[in-house]
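The C-terminal residue of the sequence shown carries number 1007 in our numbering, and the numbering is unbroken.
Be aware that one or more of the hints could be misleading.
[Claimed, not checked] Derived lysine to aspartate or glutamate pairs resembling EDC-like cross-links, with alpha carbons at most 16 Å apart:
no., residue 1, residue 2
1, 987, 971
2, 839, 821
3, 911, 893
4, 951, 971
5, 906, 871
6, 906, 893
7, 882, 871
8, 911, 871
9, 949, 971
What the hints contain is simulated information worked out from the structure, not anything from laboratory work.
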Amino acid sequence: MIEDVVCDVSQLRLDIEQLVEKQVVIQYNLFPNLDKTGRPVCNDFINGSCARDTLCPLRHLKCEKSIVYNCSNKDCPFLHGDVDSKLRNCPFYDRGFCSNGKNCKFRHVPRPICMDYVCGFCIEGSNCKNGHPKFESLIFEEPQAVRSSVVCHACNEPGHKSTACPLVEMFKNKARMEGNLDTANLPPGKRPLELVTCFKCRERGHYANKCPLGAGDPQKILISKRLSEL
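Working from the sequences, and respecting the hints, build out all of it.
This is how it looks when you write it as structure tokens:
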């Protein structure tokens, strides 16, 4: 063949061929820097205070029997973390009752009631080992900033919408008493013209599409109106 004429390699014997014939398996270490078999054990990791984790040059020995914070070996030399210590106390249980019971994701710490606190004063304060029950109910109030951002389009007062405006109900009742059924039977969200404020001229009694000042830029119309009043 042409390969034998140009470059005859029949006399060459590669090392891989000898290894294959002898069935020799070579394990290559892809990460030589992570080989910590000959290094000492990290004492900080044993005490649970090593913050370097995998970047630590020392060995981190772990317990093989530990499954989700549960180790069956009573003589285990390793330090296992306590998952309950990382949870914060349930605020409802501290006040006396938690409706979630055992399904609560927070920690329930049963403590006897401090009689000094019930009588009026406890010298230990927050360092007391007994429980200090709080009898007030937990009320998650809406932030004041969110409530004040809602402005009624009927009376321009913050705190409610036009559909729940007391002035609208007052005008509807007044219209029913006067016999003006067209104003009294307005659907929810519709306001009497007495409460409508035009955003062009800032006058009540009509909508902006029926403003006597006509169409145009509302700011320019308002400025021209104020200049004409001077």
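Do the hints match the structure? See the list:
1. 987 with 971: 14 Å, holds
2. 839 with 821: Holds, because 13 Å separates the two Cα atoms, which is no more than 16 Å.
3. 911 with 893: Holds, at roughly 14 Å.
4. 951 with 971: Given pair residue 951, residue 971 holds - Cα atoms ~12 Å apart, limit 16 Å.
5. 906 with 871: 13 Å, holds
6. 906 with 893: 12 Å, holds
7. 882 with 871: Roughly 14 Å separates the two Cα atoms, so the pair holds.
8. 911 with 871: 8 Å, holds
9. 949 with 971: Satisfied, since the Cα-Cα distance of roughly 11 Å is no more than 16 Å.
Hint check: no violations occur; every hint is consistent with the structure.
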